[in-house]
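S.K.: The listed protein sequences correspond, in order, to chains A and B. Quick note, the numbering used here runs 140 ahead of the 1-based positions in the first sequence. Quick note, the numbering used here runs 140 ahead of the 1-based positions in the second sequence.
Hints in this document: simulated from the structure, not taken from any laboratory. Any given hint might turn out to be false.
As the list claims (entries may be wrong) - Derived lysine to any residue pairs resembling SDA-like cross-links, with alpha carbons at most 25 Å apart:
1) A/298 with A/326
2) A/146 with B/179
3) B/146 with A/312
4) B/306 with B/334
5) A/146 with B/334
6) B/164 with A/298
7) B/164 with A/146
8) A/199 with B/306
Claimed, not checked - Facing chain A, a subset of chain B residues (Cβ under 7 Å, in silico):
9) 150
10) 151
11) 164
12) 171
13) 172
14) 173
15) 192
16) 196
17) 205
18) 211
19) 212
20) 227
21) 236
22) 258
23) 261
Every residue gets a Cβ at the ideal spot worked out from N, C-alpha and C, and that includes glycine.
There are 2 protein chains.
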Amino acid sequence: MEYYSKQISNLIAELSSLPGIGAKSAQRLAFHILNMPEEEVGRLSSVMVEARHNVHYCKHCFSLTDDEVCPICANPARDHKTIMVVEDTRDLAAYEKTGKYTGVYHVLHGAISPMQGIGPADIKLKELIQRLQDEVDEVIIATNSSLEGETTAMYISKLIKPSGIKVSRIASGVPVGGDLEYIDEVTLLRALEGRTEL
Amino acid sequence: MEYYSKQISNLIAELSSLPGIGAKSAQRLAFHILNMPEEEVGRLSSVMVEARHNVHYCKHCFSLTDDEVCPICANPARDHKTIMVVEDTRDLAAYEKTGKYTGVYHVLHGAISPMQGIGPADIKLKELIQRLQDEVDEVIIATNSSLEGETTAMYISKLIKPSGIKVSRIASGVPVGGDLEYIDEVTLLRALEGRTEL
Numbered sequence: 141m142e143y144y145s146k147q148i149s150n151l152i153a154e155l156s157s158l159p160g161i162g163a164k165s166a167q168r169l170a171f172h173i174l175n176m177p178e179e180e181v182g183r184l185s186s187v188m189v190e191a192r193h194n195v196h197y198c199k200h201c202f203s204l205t206d207d208e209v210c211p212i213c214a215n216p217a218r219d220h221k222t223i224m225v226v227e228d229t230r231d232l233a234a235y236e237k238t239g240k241y242t243g244v245y246h247v248l249h250g251a252i253s254p255m256q257g258i259g260p261a262d263i264k265l266k267e268l269i270q271r272l273q274d275e276v277d278e279v280i281i282a283t284n285s286s287l288e289g290e291t292t293a294m295y296i297s298k299l300i301k302p303s304g305i306k307v308s309r310i311a312s313g314v315p316v317g318g319d320l321e322y323i324d325e326v327t328l329l330r331a332l333e334g335r336t337e338l
Numbered sequence: 141m142e143y144y145s146k147q148i149s150n151l152i153a154e155l156s157s158l159p160g161i162g163a164k165s166a167q168r169l170a171f172h173i174l175n176m177p178e179e180e181v182g183r184l185s186s187v188m189v190e191a192r193h194n195v196h197y198c199k200h201c202f203s204l205t206d207d208e209v210c211p212i213c214a215n216p217a218r219d220h221k222t223i224m225v226v227e228d229t230r231d232l233a234a235y236e237k238t239g240k241y242t243g244v245y246h247v248l249h250g251a252i253s254p255m256q257g258i259g260p261a262d263i264k265l266k267e268l269i270q271r272l273q274d275e276v277d278e279v280i281i282a283t284n285s286s287l288e289g290e291t292t293a294m295y296i297s298k299l300i301k302p303s304g305i306k307v308s309r310i311a312s313g314v315p316v317g318g319d320l321e322y323i324d325e326v327t328l329l330r331a332l333e334g335r336t337e338l
């Protein structure tokens with residue numbers, strides 16, 4: 141890219157190291173930034189630096205927050221006896237968008253993956269078990285429907301069940317609006333196994 | 141987004157104001173940034189702020205650069221008597237990627253658009269005319285093949301021709317590898333008009 145001066149090349153290189161930003165989008169973003177009013181660039185940059193500096197894990201659920209406790213754990217209207225276990229903060233956001241879940245969460249920050257050398261001690265599992273010392277009615281396991289997610293779900297369920305707390309797993313099956321023809325066999329079999337009586 | 145704490149929401153909002161970054165990518169980018177080592181976020185942010193602060197127009201061709209003169213204008217190996225006129229710095233980059241163009245450029249920063257109220261005085265046209273006082277063999281007009289691009293090309297060509305300098309326009313036609321069946325009629329007619337003898 142020697143046709144761009146050094147700082148422009150650097151900016152493009154930095155931007156293209158971000159996920160989902162290819163060479164073309166990095167270039168487009170770079171020129172957009174170079175054409176933005178200088179104070180707007182300053183604001184974007186400081187929001188970034190400050191958020192990174194101040195954001196840490198919620199001391200209860202381990203989601204990312206810049207307060208001591210995240211807005212969900214701090215909300216007395218939520219049902220603190222129902223804990224949904226998710227792999228990361230974005231999964232939490234996905235359930236929050238439904239607007240129907242009223243319990244709280246526990247963010248594992250990963251899933252057990254022997255292939256990648258990620259064991260139970262590498263995710264926030266000990267922290268989940270500790271939370272069960274408070275009054276908890278149900279633990280809903282909402283890890284992904286992948287090999288790692290399923291392994292993690294099984295592991296957690298075996299760990300918690302002896303304590304007598306109800307453990308459930310979100311259903312896996314055909315997505316709403318999904319056309320059976322285009323759905324993989326594993327999902328189709330899963331949907332069959334998980335059928336409910338009408 | 142009240143399930144995200146304030147600084148996370150702000151970061152997502154700032155990122156989603158960038159072009160080509162929708163709500164989902166902004167969220168993914170935000171969490172990527174929050175998980176980056178703090179010094180990397182600092183570097184990304186300062187590259188952005190510094191580039192914006194230091195980048196200005198090349199005093200010859202008006203492309204963006206942080207030097208006084210851009211790397212292309214500063215290169216004595218380039219043919220400074222052939223000027224390719226483009227709408228913006230990204231168009232310049234597109235031609236540079238071919239690696240075959242050896243002349244220099246002139247960046248207009250826009251195109252004449254009566255619809256959007258952009259007239260000849262709003263783009264770097266006066267500056268192009270000034271450059272023609274130096275020795276110039278040819279001006280190649282490489283504005284986009286849009287209504288505005290064509291209007292601008294016609295305008296520039298009428299302006300320069302009386303001076304006796306050669307003015308050319310890049311060809312418009314069927315893209316290489318393009319399937320005639322899927323190409324719009326205007327392009328097909330343009331390709332027909334622009335046919336060359338074999």
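S.K.: Take the shortest C-beta to C-beta distance between residue 258 of chain B and chain A; is it under 7 Å?
M.R.: violated (15 Å)
S.K.: Compare the distance between the alpha carbons of residue 164 of chain B and residue 298 of chain A with 25 Å, and conclude whether the hinted pair is satisfied.
M.R.: Since the Cα atoms of residue 164 of chain B and residue 298 of chain A sit roughly 34 Å apart, the hinted pair is violated (cutoff 25 Å).
S.K.: Quick check on the hint: residue 173 of chain B CB to chain A CB, less than 7 Å?
M.R.: holds (6 Å)
S.K.: Please verify that hint: residue 171 of chain B, Cβ, nearest Cβ of chain A, below 7 Å or not.
M.R.: At about 6 Å, which falls below the 7 Å cut-off, the nearest Cβ of chain A leaves the hint on residue 171 of chain B intact, so it holds.
S.K.: Does the closest beta carbon of chain A sit nearer than 7 Å to the beta carbon of residue 150 of chain B?
M.R.: Holds: closest Cβ of chain A sits about 5 Å from residue 150 of chain B, inside 7 Å.
S.K.: For the pair supplied as a hint, residue 298 of chain A and residue 326 of chain A, is the alpha-carbon distance within the 25 Å limit?
M.R.: With Cα atoms ~24 Å apart, residue 298 of chain A and residue 326 of chain A stay inside 25 Å; holds.
S.K.: Take the C-alpha atoms of residue 164 of chain B and residue 146 of chain A, compute the straight-line distance between them, and say whether it is at most 25 Å.
M.R.: Violated. Residue 164 of chain B to residue 146 of chain A sits at ~31 Å, over the 25 Å cutoff.
S.K.: Would the hint on residue 212 of chain B stand, with a C-beta cut-off of 7 Å toward chain A?
M.R.: Interface hint status for residue 212 of chain B: holds (6 Å vs cutoff 7 Å).
S.K.: Need the status of pair residue 146 of chain B, residue 312 of chain A: alpha-carbon distance at most 25 Å?
M.R.: violated (33 Å)
S.K.: Does the nearest C-beta of chain A fall within a distance shorter than 7 Å of the C-beta of residue 151 of chain B?
M.R.: holds (4 Å)
S.K.: Is the hint on residue 211 of chain B kept, meaning its closest Cβ partner in chain A is under 7 Å away?
M.R.: holds (6 Å)
S.K.: Is residue 199 of chain A within 25 Å of residue 306 of chain B, Cα to Cα?
M.R.: Measuring from Cα to Cα gives roughly 71 Å; hence the hint is violated.
Taken one by one, the earlier hints fail for this structure at numbers 3, 5, 6, 7, 8, 11, 16, 20, 22 and 23, listed in ascending order.
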